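Sequence lines, in order, name chains A and B. Residue numbers 1 to 273, in the numbering used here, belong to the letters of the first sequence in order. Residue numbers 1 to 263, in the numbering used here, belong to the letters of the second sequence in order.
Under the rule of at most 25 Å between Cα atoms (straight-line distance), these lysine-lysine pairs were calculated in the BS3-like manner:
id, chain 1, residue 1, chain 2, residue 2
1, A, 96, A, 68
2, A, 191, A, 67
3, B, 147, A, 245
4, A, 245, A, 91
5, A, 96, B, 123
6, A, 245, B, 247
7, B, 147, B, 180
8, B, 180, A, 139
9, B, 123, A, 68
10, B, 180, A, 133
11, A, 96, A, 133
12, B, 150, B, 123
13, A, 91, A, 67
14, B, 150, B, 212
15, B, 212, B, 155
16, A, 91, B, 123
17, A, 67, A, 133
18, A, 67, B, 123
19, B, 170, B, 155
20, A, 133, B, 170
21, A, 139, B, 170
22, A, 133, A, 91
23, A, 67, A, 96
24, B, 170, B, 180
25, A, 68, A, 91
26, A, 245, B, 123
27, B, 155, A, 133
28, B, 123, A, 133
29, A, 68, A, 133
Just so you know, these hints were derived from the structure itself, not from any lab. This structure is a prediction, so every number in the text was calculated from the model and none was measured.
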Amino acid sequence: MAEFLSLHDAVARYVDDGATVCMEGFTHLIPFAAGHEVIRQGKRELTLIRMTPDLIYDQLIGAGCVKKLIFSWGGNPGVGSLHRLRDAVEKGWPHKIEILEHSHAAMACAYEAGAAGLPLAVLRGYVGSDLPKVNDQIKFIDCPFTGEPLAAVPSVRPDVSIVHAQKADRQGNVLVEGIIGVQKEAVLAAKSSIVTVEEVVDDLGVEPNACVIPGWAISAIAVAEQGAYPSYAHGYYPRNNRFYKEWDTIARDRDAFSTWLDENVYNAGGAQQ
Amino acid sequence: MSTDYTSAEMMTVTAARALENGMTCFVGIGLPSEAANLARLTHAPDVVLIYESGTLQTMPEVLPLSIGDGELCESALTTVSVPEMFRYWLQGGHVSVGFLGTAQIDRFANLNTTLIGDYAAPKVRLPGGGGAPEIATCAGEVFVTLKHSKRTFVKDVDFVTTLGFGRDGKGRDGVPNIGKGPTRVITDLCMMRPDPDTKELTVTSLHPGVTKEDVIEATGWEIRFTDALETTPEPYARELEVLRELKERTARHHAGEAPGERS
Numbered sequence: 001m002a003e004f005l006s007l008h009d010a011v012a013r014y015v016d017d018g019a020t021v022c023m024e025g026f027t028h029l030i031p032f033a034a035g036h037e038v039i040r041q042g043k044r045e046l047t048l049i050r051m052t053p054d055l056i057y058d059q060l061i062g063a064g065c066v067k068k069l070i071f072s073w074g075g076n077p078g079v080g081s082l083h084r085l086r087d088a089v090e091k092g093w094p095h096k097i098e099i100l101e102h103s104h105a106a107m108a109c110a111y112e113a114g115a116a117g118l119p120l121a122v123l124r125g126y127v128g129s130d131l132p133k134v135n136d137q138i139k140f141i142d143c144p145f146t147g148e149p150l151a152a153v154p155s156v157r158p159d160v161s162i163v164h165a166q167k168a169d170r171q172g173n174v175l176v177e178g179i180i181g182v183q184k185e186a187v188l189a190a191k192s193s194i195v196t197v198e199e200v201v202d203d204l205g206v207e208p209n210a211c212v213i214p215g216w217a218i219s220a221i222a223v224a225e226q227g228a229y230p231s232y233a234h235g236y237y238p239r240n241n242r243f244y245k246e247w248d249t250i251a252r253d254r255d256a257f258s259t260w261l262d263e264n265v266y267n268a269g270g271a272q273q
Numbered sequence: 001m002s003t004d005y006t007s008a009e010m011m012t013v014t015a016a017r018a019l020e021n022g023m024t025c026f027v028g029i030g031l032p033s034e035a036a037n038l039a040r041l042t043h044a045p046d047v048v049l050i051y052e053s054g055t056l057q058t059m060p061e062v063l064p065l066s067i068g069d070g071e072l073c074e075s076a077l078t079t080v081s082v083p084e085m086f087r088y089w090l091q092g093g094h095v096s097v098g099f100l101g102t103a104q105i106d107r108f109a110n111l112n113t114t115l116i117g118d119y120a121a122p123k124v125r126l127p128g129g130g131g132a133p134e135i136a137t138c139a140g141e142v143f144v145t146l147k148h149s150k151r152t153f154v155k156d157v158d159f160v161t162t163l164g165f166g167r168d169g170k171g172r173d174g175v176p177n178i179g180k181g182p183t184r185v186i187t188d189l190c191m192m193r194p195d196p197d198t199k200e201l202t203v204t205s206l207h208p209g210v211t212k213e214d215v216i217e218a219t220g221w222e223i224r225f226t227d228a229l230e231t232t233p234e235p236y237a238r239e240l241e242v243l244r245e246l247k248e249r250t251a252r253h254h255a256g257e258a259p260g261e262r263s
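So here's chain A without its partners, still in its complex pose (with noise of 0.2 Å):
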């Protein structure tokens, strides 16, 4: 059953230094304030996993908790770069990182695999791609049916999945509407899970067939108000396009990165951007 805890109790039990930890939300509800307070509480060696890094791991790799990432798309959407994993891939600041990348395709099965139990995915993917020479996680297995080649990649089992979601109601049932991304994947495939959610309510009043997390399946529950915030949360708040935008410029600069972090996330306490 899911405990409610605050956000700082809840990153501090579950998310310790060296551990593989999923924060997913694609593009839609991306936990940035549990993904601040992993930064706060100063994790390190941290192995991330996230279909698009976005700018979320873009912080954490320049705030130095990165020692490998495992992506499939790491740009800023619609703006370009991401300028702290460009700078750790290139030229190895704050410390060079592990990458190891996939595509799409292959880390939604990885992700649905995991919660299926799985130790692989199956997939009709990589055809002729360079992606295999480079990722030796990727490999090519013949179907035993009809002989047909198929990629295959292990499954996403993390540690920790952190996810935020709109709301939760007292029990710590979680339920997650709009673009929903592989959050209930990410969230089953981790041994533990952590959910942030706008607010708790009485009653989630949800449809038959609605995106819902069941309390019992969840480590804990955390309000996080804002929390996916710049990116956004479907009926609450949207996506702040502009800073996105604007994220390009301090994050090109390393001295204007450090600015930022520590104005909005070290000296931010529990209400950081």
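Fit chain B to the known structure of chain A by using the hints.
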């Protein structure tokens, strides 16, 4: 007809015209999204647009900045999870055309969005594959649109992120359950198609006012022209009007949001 248009508008209109009414299109962000929505707002009102964020049959009022903008979800028939999108809808064979952009393309229409230089020590690290590797192989066919320059049109890409026709043009031969691959490449100078035999990209149509020399100058290999070289039809006034309104609406929408600091 109108003569008052930019080369970027010519590219978008030509790319839009490649989409036919009734096609199901898996749309990449940026130029492909602009072209696909122009098609939907002009000659192809029933084109089905799908974005990898899970939005099926979406009809955005403004162009999304990201692949997962709320606008895409709110104007969609339905929104599915990302695994369902890739497994059921793309891999399951429901997409007739994938519409992609790229950072680099080579003579066999292989796409590179991974990096410039060597993998271990990249000169420039690009975002990576995203949805493209499987869109390009699972969709019935692929349209590619990007601006023409020697930097983007190279003889051999540094890294094959996404298969066109492979390093030798034979990358799809004998592969089961694979789409036709890139059938059109639309730039601000011309339209290219793969040669039916060699699969090498060949110019089939020059945009009005563009010369062969312009294309040769902007291409990193010895580009060939088909014998039956055509001139691309000019945009209609109506297409330009709809495109400009769409872009204006989009600019107003994205500028009108709260500043970076949280209130």
